[in-house]
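Student: On the provided structure of chain Y, position chain W as indicated by the hints.
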Amino acid sequence: MDPVNPTPPLTQAGFLVLLALASGERHGYAVMRFAEEATSGRVRLPPGTLYRTISRLLADGLVEETEDSDRDAPHDARRRYYRLTGLGRLAVQGEADLMAALSSAAARAGLRRSDS
Amino acid sequence: MSEQRPVAVTPHLFVRGAEKAVGFYVKAFGAAELFRNTFPDGTIGFVELAFGDGRVLISEEAPALNALAPRTVGGSPVMLMIEVNDVDALAEQAVEAGATVEMPVEEAFWGERYGVLVDPFGHRWAVSTVREGLTPDDITSRTPPKI
Numbered sequence: 002m003d004p005v006n007p008t009p010p011l012t013q014a015g016f017l018v019l020l021a022l023a024s025g026e027r028h029g030y031a032v033m034r035f036a037e038e039a040t041s042g043r044v045r046l047p048p049g050t051l052y053r054t055i056s057r058l059l060a061d062g063l064v065e066e067t068e069d070s071d072r073d074a075p076h077d078a079r080r081r082y083y084r085l086t087g088l089g090r091l092a093v094q095g096e097a098d099l100m101a102a103l104s105s106a107a108a109r110a111g112l113r114r115s116d117s
Numbered sequence: 024m025s026e027q028r029p030v031a032v033t034p035h036l037f038v039r040g041a042e043k044a045v046g047f048y049v050k051a052f053g054a055a056e057l058f059r060n061t062f063p064d065g066t067i068g069f070v071e072l073a074f075g076d077g078r079v080l081i082s083e084e085a086p087a088l089n090a091l092a093p094r095t096v097g098g099s100p101v102m103l104m105i106e107v108n109d110v111d112a113l114a115e116q117a118v119e120a121g122a123t124v125e126m127p128v129e130e131a132f133w134g135e136r137y138g139v140l141v142d143p144f145g146h147r148w149a150v151s152t153v154r155e156g157l158t159p160d161d162i163t164s165r166t167p168p169k170i
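Heads up: the protein sequence lines correspond to chains Y and W, in order. Here this note's numbering = 1-based position in the first sequence + 1. Here this note's numbering = 1-based position in the second sequence + 23.
In isolation and in its complexed conformation, chain Y is listed as follows:
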């Protein structure tokens, strides 16, 4: 793996899912609601996007399904519970740090809106 970036790269949807899980485990539907609230409705994670994003994060070892999931329910990411792995926490922390640095750079470049 890339020594500068020890965690797999994240899409915007992937970052939002990890961010939603940073404060504790949630089911997929709560992740969808979190994304909408955290971005004031600018970014939505419709079920198809959510399902693919979580499949990807599971494959990369950034999230895991918890034992609370209803295994008998139809396979639907909205009804299953997920939590961060250690690698997932590292990835979301790294991305948040990078975004903070970029946000500061944007402010120094005069891009900060007066209302934010």
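Be careful, since some hints might not be right.
Said to hold, decoys possible - Below, a list of computed lysine to aspartate or glutamate pairs in the DMTMM-like style, where the Cα atoms sit at most 25 Å apart:
#1 W:Lys43 <-> W:Glu56
#2 W:Lys50 <-> W:Glu115
#3 W:Lys169 <-> W:Glu129
#4 W:Lys50 <-> Y:Asp61
#5 W:Lys50 <-> Y:Glu65
#6 W:Lys50 <-> Y:Glu66
#7 W:Lys43 <-> Y:Asp61
Claimed, not checked - Sample of chain Y residues at the chain W side, in silico, Cβ under 10 Å:
#8 Pro9
#9 Pro10
#10 Thr12
#11 Gly49
#12 Tyr52
#13 Arg53
#14 Thr54
#15 Ser56
#16 Arg57
#17 Leu59
#18 Ala60
#19 Asp61
Hints listed in this document are in silico derivations from the structure and should not be mistaken for laboratory results. Where a beta carbon is used, it is the ideal one built from N, C-alpha and C, also for glycine.
Tutor: Only chain W this time, still in chain Y's reference frame:
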């Protein structure tokens, strides 16, 4: 952003033996299965695989839909390229999983380490990594006189 601006281009591969092919792409190239659609009789409609940020769809060959696998048409006119940090390790992993080497991995004049593999289902894959970060002028001056 214009509504006509494409978001991505996603190859759709037809194979004989979609289940085995998906297993091969996961093992050989580290693809991640994102989604699968299966008909009631068990035939795979399509499987969506992620290769890094890229996606590839895999379906069972269906001659009625003119969806033909490379073995049926006698080859493939398309090459799919995977970009990766360690191209030698990826090629080795793919060969171990059943790919054959068409062109061994070597330094290419355009500044990449590059090779070509053929998978067990007849699709051709280039594997590549950026090495030298050449400028377009560098590449032009290093281009051989003919293929």
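Student: Give a verdict on every hint.
Tutor: A quick look at each hint next to the structure:
The straight-line distance between the Cα atoms of Lys43 (chain W) and Glu56 (chain W) is roughly 13 Å, inside the 25 Å bound, and the hint therefore holds. In summary, the hint linking Lys50 (chain W) to Glu115 (chain W) is supported, as the alpha carbons are separated by about 11 Å, within the 25 Å threshold. Simply put, Lys169 (chain W) and Glu129 (chain W) have alpha-carbon atoms about 18 Å apart, close enough for the 25 Å limit, and the pair holds. A C-alpha spacing of about 14 Å is found between Lys50 (chain W) and Asp61 (chain Y), which places the hinted pair at or below 25 Å, so the restraint holds.
Distance hint between Lys50 (chain W) and Glu65 (chain Y) is fulfilled; the C-alpha atoms sit about 21 Å from each other, no more than 25 Å. With a C-alpha separation of about 22 Å, the suggested pair Lys50 (chain W) and Glu66 (chain Y) falls inside the 25 Å cut-off, and the hint holds. Distance check on the hinted pair: Lys43 (chain W) and Asp61 (chain Y) sit about 22 Å apart at the alpha-carbon level, within 25 Å; holds. For the restraint placing Pro9 (chain Y) at the interface with chain W, the shortest Cβ-Cβ distance is roughly 9 Å, inside the 10 Å limit, so the hint holds.
At a threshold of 10 Å, the smallest CB-CB gap from Pro10 (chain Y) to chain W is about 8 Å, leaving the interface hint in force. A hinted interface residue such as Thr12 (chain Y) counts as satisfied when its beta carbon comes closer than 10 Å to some beta carbon of chain W; here the least separation is about 7 Å, so the hint holds. The beta carbon of Gly49 (chain Y) comes within 8 Å of a beta carbon in chain W, closer than 10 Å, and the hint placing it at the interface holds. The restraint placing Tyr52 (chain Y) at the interface with chain W holds, with a minimum CB-CB distance near 7 Å, inside the 10 Å limit.
At a threshold of 10 Å, the smallest CB-CB gap from Arg53 (chain Y) to chain W is about 4 Å, leaving the interface hint in force. Interface hint at Thr54 (chain Y): satisfied, since its Cβ lies 9 Å from the closest Cβ of chain W, which is below the 10 Å cut-off. Checking Ser56 (chain Y) against chain W by beta carbon gives a least distance of about 4 Å; that is within 10 Å, so the hint holds. The criterion of a C-beta within 10 Å of any C-beta in chain W is met by Arg57 (chain Y), whose closest approach is roughly 6 Å, and the hint holds.
Checking Leu59 (chain Y) against chain W by beta carbon gives a least distance of about 8 Å; that is within 10 Å, so the hint holds. Look at Ala60 (chain Y): its Cβ gets to within about 4 Å of chain W, closer than 10 Å, so that hint holds up. Against a cut-off of 10 Å between C-beta atoms, the interface hint on Asp61 (chain Y) holds, since the closest Cβ of chain W lies about 7 Å away.
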